[in-house]
Structures are given as structure tokens and as C-alpha cells.
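Chemist: In case you want the letters, here they are:
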Amino acid sequence: MIEVLFYVFAAVALGGALGVVWAKSPVGSLLYMVATLASLACIFVLLEAHFLAAIQVIVYAGAIMVLFLFVIMLLNLGHDYQRDLKGGAFALLSFVIIGLMAGILARQFGENAITEPTAGGRAIDAALAEHGAVGAIAQPLYTTYVVPFEITGILLLVAIVGALVLAKKSSL
Amino acid sequence: MHTALVEGGQATVDTAAQFEPFFPGLIILLPLIGFLINGALALKHARVSAAAVRLGGELDLGEGDHRPETHTLPSYVGPGVMLAAFLIASVNFIRMLSVELHEPHVIEYWTWIATGTFTVDAAIQLDQLSILMTMIVTGVGFLIHVFSVGYMSDDGGYPRYFSYLNLFIFFMLVLVMGASYPLMFVGWEGVGLCSYLLIGFWFSDREKSDAGKKAFIVNRIGDFGFLIAMFLLFGMFGTLDFVPLFSEADNLEYGGSLVTAVTLFLFLGAAGKSAQIPLYVWLPDAMAGPTPVSALIHAATMVTAGVYLVVRSSVLYALSPIASATVAGVGVFTALFAATIALKQNDIKKVLAYSTVSQLGYMFLGVGVGAYATGIFHLITHAFFKALLFLGAGAVIHSMHRSLHRTNDHQDPQDMRNMGGLKAFMPITWGTMWVATFAIAGIWPFAGFFSKDEIIWQTAAFGGAARAPYPALYQVYWVIALGTAILTAFYMTRMMVMTFHGSNRTGVEEAKHLYEAPPVMWLPLMALAVLSVVGGWINVPEALRETFIGLGPLTSEWLHRWLEPVTEQAHHIQEFNLGEVAEQAPFGGGEVTWAVISTVLALATVLTSFHLVIRKNVRAAAEDPELSGFSKVLYHKWYVDEVYDRLIVQPLIRTSRFCWRVIDARVIDGIVNGVGWAARGVGFIVSMFQTGTVNTYALVLTIGALIILGVSVF
Amino acid sequence: MINEALVLSSLLFVLGTFGVLVRRNAIIMFLCIELQLNAVNLAFIAFSRLMGIDGQVFVFFVMTVAAAEAAVGLAIIISVFRHYETVNVDNFKLLRW
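Protein sequence lines, in the order shown, are assigned to chains A, B and C. The first sequence begins at 0 in numbering that gives the first Met the number 0 and counts up by one. The second sequence begins at 0 in numbering that gives the first Met the number 0 and counts up by one. The third sequence begins at 0 in numbering that gives the first Met the number 0 and counts up by one.
So here's chain A without its partners, still in its complex pose (with noise of 0.2 Å):
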């Protein structure tokens, strides 16, 4: 049963990345998008990874898709359905170059199947029973990882400020 809807959004997310690559309109790319993220969002719950999934719709699908979609908006972007694509030896030497970095990452990964359960799934679930879905991921995040974690806002607070900074019209 997991199988199938593993199969099921794999193919969605991969359909909506070719999607994102082919679609002619900005908009439309951004819709795929949207679904690759959303299907994306779906696997990890299948991956037990239930508070990213969750942070997945909220954060990525929801607020930055619409960042996005808002600057397309602004800019006025919707209708311009010029093909961007570029062509010719260029196109073809990217194919070729990322077809053989498609081959190496799939064949490495393909090789030795890891049969579940594992170590690493085992403890994972251990801790999704003893703090829940998000006291699991939080744990480490203010114990461990609590000096990157600070940093971060930091790096949030930045961005924010040069966003402003940037997006004005007048310059400073």
C-alpha cells in the first residue's frame, strides 16, 4: 500500500518537475511547482518525516510559492509566454552532462537495497513515541544543533533587511 502511494507521488513530483522545466509561462512553472511540493510533502510523510511535511506545505507550498507568485504578479510576468528555452549545442551538452549525472546518482543509489527496518528508522520511531512528531525533530534542534539554529535567525534577519533594502524603490 505505501509502495503504491510511494509510486504515486514520485511520479507526480516528477511530472510537476518537468512541468517546472517545460512550462512555457512563469505562472504555469510555479504551479507545477506547487504540486511537486505538495507531492514531495506527501512522501516525507511516508518517510515518517511528519513535522517537515507539515512545515513543507506551510512554509515552502504556502508562503514562499506565493513570494513568488507575488513578484510575477508585480512584475507583470504573466504574460509573457516568450519561449525562454535556450537550444542548440548548449541544450544538448547540458542533457548529455546532466543524463550522465542522472545515471551516476541513480545507479549508486539504486545498488545494495536497504531493507527496512533500520537503525537509524528504529530510533526515529522510538522518538516519534516518546516526544511526538514535532518534540522529535525539536529535541536535537534546541540541544545539539541550538548554536546553527540561532545563527539561522540571524541569517532570516539579514535576508529580511536586505530584501527591504534591495526591493526599495529610492535608493538609500
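Note that these hints are calculated values from the structure, not bench results. Hints are not guaranteed to be accurate.
[Unchecked claim] Not everything, but these chain B residues come out facing chain A in the computed CB check (under 7 Å): (1) THR701; (2) LEU705; (3) LEU708; (4) VAL712.
[Said to hold, decoys possible] In silico BS3-like cross-links for lysine-lysine, where the CA-CA straight-line distance does not exceed 25 Å: (5) C:LYS92 <-> A:LYS167; (6) A:LYS85 <-> C:LYS92; (7) A:LYS85 <-> A:LYS23; (8) C:LYS92 <-> A:LYS168; (9) B:LYS212 <-> B:LYS636; (10) B:LYS207 <-> B:LYS343; (11) A:LYS23 <-> C:LYS92.
Predicted model only: the values in this text are computed from it and were never measured. Backbone N, C-alpha and C define an ideal beta-carbon position, used for all residues, glycine too.
Start from chain A and add chains B and C according to the hints.
Modeler: Relative to chain A, chains B and C alone:
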């Protein structure tokens, strides 16, 4: 005090007495101080006269008391420091006379070079040889400085002249007093520099500055030999200080190849500095300098530095029969060769220049046959009479120049064909120069007789030594030396007759302006004339002892005895390896016989030459016909300059031009420019990758990522 | 399922890369970069089944950085658009020889 002079006096000398030097450093320092003062005045004068030229005029020197201080002070400073140095040297000399000094007295001031095992101290060496040389340099130097006060008085570069002259004396003293080869080399190069500066003293004249360059470049060839010899010596002994070096030289093998190489290279240096075949060509050209300079540098002192070098290294030369034979051979052939050229020269200074080369050849013959003291003896007497001859010629040129200048005559004031009959106008110059001529011709009892005759005699004696190397060679040398003595008498008399005797050829108007040089010029002439007479008496040969005017016991072989501590080591080596020298000339006859023969020959030559030349109708330079035949070859100096030009200078110029146009302009510039073009080309090609397109950068980034992935996986 | 997730992750990644390489629209290139980031997130989560919860913590960080990047990047695109009136990257060639 005079006990050392008495024959066999060694026993009576208080051997316990220590030699105490009297401010020897001051002897060197005083000329340097003079140089600094005169140099400062010269710079000041240059500023003043440059300002005068800027204002559109010329600096008027004025007369007598009205002269600027830059032209009055050097007259006192220049000769003054020389007199002081001479007096200090004399005190040292007298102190050395009164004690028995077996070891050289070395005074170290500071360490000059210290690298690894190689150390050179700034040290001076006081011994019998260096004090004698110091006396000559400062004494004759002083007289020539005094003469220069008169000779150069009208010259704009007066303070500059004296600063150079003082600097020269400073370096010459470093040369003779330095206690090691490197220090000697400093003086050696320094006198070369001053020689260059003074030959090209009137540097605005192209020919004269070229003569300076020629002297400098030819001397470089000799210096190369000197340097190589120093390297070899350091390799052999690990030191270049005279005292330890010569004491270790005793251990060397007689006739060893290394010592032969060293001495030959040293002789190359000596041949450059002392104008011997094949490097003599610069000296006649050096006559472009002011005449007192020719007297001081190119006759009395600097050019004898080569002889000094050989005598200083006598231990090494005694160890190498090949090098000694080379020295003697080069010396005697130079003597003959230069004498033949002097026969046909018309420039009064050129005659004297070739005569100097010839006499230097005699000195080298002397030191080449192991008669080191005799070589120095001839050096001393030659310093007296040749300085006198040059100064006399200077007085003549001075007078001629002024006369021609005032009558706006553009004749050559140095050409003897334009002179004649100057005896009536310049009696003092005439008299003193005849004294010098007798001296150089070797007529008893003038100075040159004793020294030159002794060299000739020693050549014969050396060739007749029990185990002499190449005895036949030395017999040839002896014959040539005798023949050259006759040539010397001939060309000197010719010069005197052409200058002072016969009818006057200057022209009627010009003759009215001819008169004797001022006292400041003829007083040095008188002093040198006295020295040219008595100079030879310091070393009366043993054989003539009884016959000589009462001085015999006192001065017989005095110089030999005086220089004994310096030369005895060399003499021991020579005696040990060659045996006793002969008491007979090649064709029989002893020392006295040949002395009488040579002086009679010389006197006869002088008389014959006098009559021959005076009867010959000498015509003024402008009307003189072209020479032909052998005379022409001699007049053109055997075409040696032309041969050198063809064989060395022109190929060198062609090679240089090839190096310039092909090697430098094409190959080297090509490489340099090619590198530049290559950089630009590569930059142009590489800059194509800088497309400015984000996708391209992303692609390259991805390729890089793929490569890293591939490497980490496979 | 972990193997399959990893293969999916690599396919999504190369698709994102391809998009970055061939698209000229700056916003779509941006979206493709987000796609690459998501592919990496998927890989992290898949590996967390092997190595433990730390992988998920890193996904959290990646999302935060992606948010910051989106904010700044879009601000840049806006200011560039104001200047050039286009978001086609072929028109931005100032850094050229």
C-alpha cells in the same frame, strides 16, 4: 744612524732596536685630504663658472691676487700635502735606516673583508721596498705638483686637476703600502681610474677622451690577469696577505705549473699597467693628458707599478723559470720595439712615451733575470730622469703653446719639426734636459748609466749561471739590450737636437714670444736634474767601487744591501736551483770592461747622432714630405694599432653588432615580445569563456560537479 | 523504499539542474534551484531513515536558508527588473570582457 750604510756594518747595528713607524697612515691620508679639499673647490668652481656661462659670459680668471680662491688655494694645498707626506715618509725612512728590520712591519687598522676563511685587513706594510717606493712617489710627486702650479695656471679646470692628482697619489700609496694583494689591487684600480680621468682631463676633445677610454679598457685586460692570479693564490695558500703567503711559498715545488700560471697571470696584469707588449698601445695615446700627468703617472710612478708587483712577488717568480724568462723576454723585446718606434716620431711627447715603454722593458728584463733590486734601481733612476724629460718637454710645450696662441698660429705646439733652436730662449730647460738625456743614454756618471748597465750585466751573468735555464736565450736578450741602449742614445739625442738646436723653425713672429718657464717650473727641473746625476750613486757596482769618487765604500751596492730583506728569499731559491751566476759576459770580458764599452758606445752614439741630425735639413711640419720605406713603417709604429684594429677591434665590433642586431634585437627581444604576445593571445582566448551568460557559468559549474562526482565514485 | 526515494531525489535534482542550465527566465531559474534544494531535502530525509533524526534537522535548516534566499533573490530580481525591464538573464552581461 748611518751605520747601516757602512759595508759589513750589520755587526755594528743594534739589532735589539725596534723599528718605530712615524704616523705611516698619515702618508696615505694626507693626499686624500688634499683630494677632498681640492675636489670641494673644483665643485665650487664648476658652479661659479656654470653660473657665469648662464649669464652669457665666460669666467675671467684674472691675474695674480685677483684670482678666485678656487684657483689660488689648490696651489698651496696640492703640493703642500705632498711635501708633508714626503717629510713623514722621510722620517720613517731614516728610522728604518737606523735599525735592522728583517721582517716587514705590518700595521693593521681594521678588518676590511671577512667572509668565511677569507679575511683581508686594511693594513699597510712598511718594509725596505715599500718605504723606497713611498719616497719616490711622494718626492717626485711633490716636484711634479710644484711644476703643475705653473703649467696649469691658466687652465679653467685647475682645482679639478689638483684633486685628481692628489687622488692619484693616494691610490698609488695604497698600491705600494698595502699589505695584501687585494689592497694592492684597490690601489691598482684606483690609479687606473685617476689615469683615465687625467688622460681625458680635457674631455671636451673627443680624441683625448677616447685616449682615456683606450687606457682604461686595455688595462682591464691586464686586471683580468691580476684577478685570476689572486684567485689562484687564494686557492693555493688560503690567504692573500704578503707576509704569510710568501713564508708559505717556500714549500712550493720549483718550476711547478701552478706557480707558473700564477706568475704569468700576474705578469699579464703588470704588462697592462706597465705598458709591455702586447698591451703597451695605451701609453703613447695617454700623452693626450696634461704633460705633468705624463711625467707623474705615465713615466715615474703608475706605469712602474708592474715592476713593483713583480718585485713584491719575487719569491713566486724565482720559483718559476718559465715565467721569469717570459718576463725578461717580453721586457727586452718591448725595449727594442718601442725604441725603434721612437726613432721616427715627431711629437716630442710621443718620443718620450715610447722611450718610457722601452725603459720599462729594461726594468722587466732586470726583474726577469732575478735582479729584483736592480729593477727597482732602474725604476728609481728612471723616475728621476724621465720625470725631468717630461717636465722639460712640458716647459717647451708650455712656451710653444703660449707663443702660438698669442700669434694665432694653429701649428702643433708638440711637433718637434716646428721647434728648433729653443736653446737660446730656454737655457735652463735645455741644460736640465741634456742632463736627463745623458742619464737615459747611460753615460758615466749619470744615474741611468749605473742602473741600465747593471741590468745588462745581470742579464749576461744570469745566462751564464751554472744551471741557468735556456742560457742561449739570455745571450740573445743581452745582445738586444745592448743594441737598444745604442738606439736609446740615438733617439734621445735626435729629440734634443730637433727641439733645442739648429735653426729656429717656429717663425719670426712666434719666436718673439718664446721665453723660459717661470721659476715655479724650472725649480723642479733643477731638483730633478741633480737627482738624475746623483741618483745612480746609491748603488755603485762592487766592481767600480774603488774607482768611484770617494763614495765607493759608502754606497757600493747599497740598494742591494738595503733591499736584501725583501729579495733574499727569492735569491736563495734562485741560488739553490741555478747555482752561482757567471762573472763573465758571453763574449768574455768582465763587468768593468763592458761598462766602459757601453758608456763609450753611448757617448759615441750621442755625438754621431748630434752631428747627423743637426746636419739634416729638418723642415717644419707643414712642409715635411711623406716618409717612405722602412722609416714609414717606424713612423706608423709598425702599424700595430692598425693590426689590433683589424684583428681585435673590428671583429669585436662586428660580433657586437651581430649580438645587437640578431641576438638581442631578434632573439631576445623576440622571446620577450613573444611572451607578451602569448600572454595577450591566451588572455584573448580565455576571455571568451567569460561570456557574461549565467547559464554558461552554471554549465561549467555543473561539469565541475560532475567531474568531482565521477572521481569520488569511480 | 529508501532506495527509491534516493533515486527520485537524484532525478529531481538533475531536472532542477537542467532547468537552471536551459531556462533564461530568472524567476524560473530560481524555481529550479528551489527544486534542487527540495531534491536534496528528500535525500536528507531518506538518509535519516538510516542515520537517525539529524538529517531531518538539516532539512529544517535548508528550508530556513531557502526562505531567506528566496526573499533576497526575489528582491534582487525586482531591482534588476526595474533597471532592465526584463528578467531574461541573457540581457545581464555587464561582467563581460
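Chemist: Take a quick look at whether B:LYS212 and B:LYS636 sit within 25 Å of each other, Cα to Cα.
Modeler: holds (20 Å)
Chemist: For the pair supplied as a hint, C:LYS92 and A:LYS168, confirm whether the alpha-carbon distance does not exceed 25 Å.
Modeler: Cα-Cα ~23 Å, so holds.
Chemist: For a C-alpha distance cap of 25 Å, please report whether B:LYS207 and B:LYS343 respect it.
Modeler: Between B:LYS207 and B:LYS343 the Cα gap is close to 22 Å, so the pair holds against 25 Å.
Chemist: C:LYS92 and A:LYS167 were given as a pair; does the straight-line alpha-carbon distance stay at or below 25 Å?
Modeler: Cα-Cα ~23 Å, so holds.
Chemist: Next item in the hint list is B:LEU705. Is there a CB on chain A closer than 7 Å to its CB?
Modeler: Check passed: Cβ of B:LEU705 comes within 5 Å of chain A, closer than 7 Å.
Chemist: Measure nothing beyond the straight line between the CA atoms of A:LYS85 and C:LYS92; if it is 25 Å or shorter, mark the hint as holding.
Modeler: Holds. A:LYS85 to C:LYS92 sits at ~16 Å (cutoff 25 Å).
Chemist: Let's test the interface hint: is any C-beta of chain A closer than 7 Å to that of B:VAL712?
Modeler: At 6 Å from the nearest chain A Cβ, B:VAL712 passes the 7 Å test, so the hint holds.
Chemist: Does the interface hint hold: is B:LEU708 within less than 7 Å of chain A, judged Cβ to Cβ?
Modeler: holds (6 Å)
Chemist: Going straight from one Cα to the other, do A:LYS23 and C:LYS92 come out at no more than 25 Å?
Modeler: The hint holds at about 24 Å.
Chemist: Taken at face value, is the distance from the CA of A:LYS23 to the CA of A:LYS85 at most 25 Å?
Modeler: holds (13 Å)
Chemist: Return the status of the interface hint for B:THR701: holds when the least beta-carbon distance to chain A is below 7 Å, violated otherwise.
Modeler: holds (6 Å)
Consistency with the previously given hints is maintained throughout, with no hint failing.
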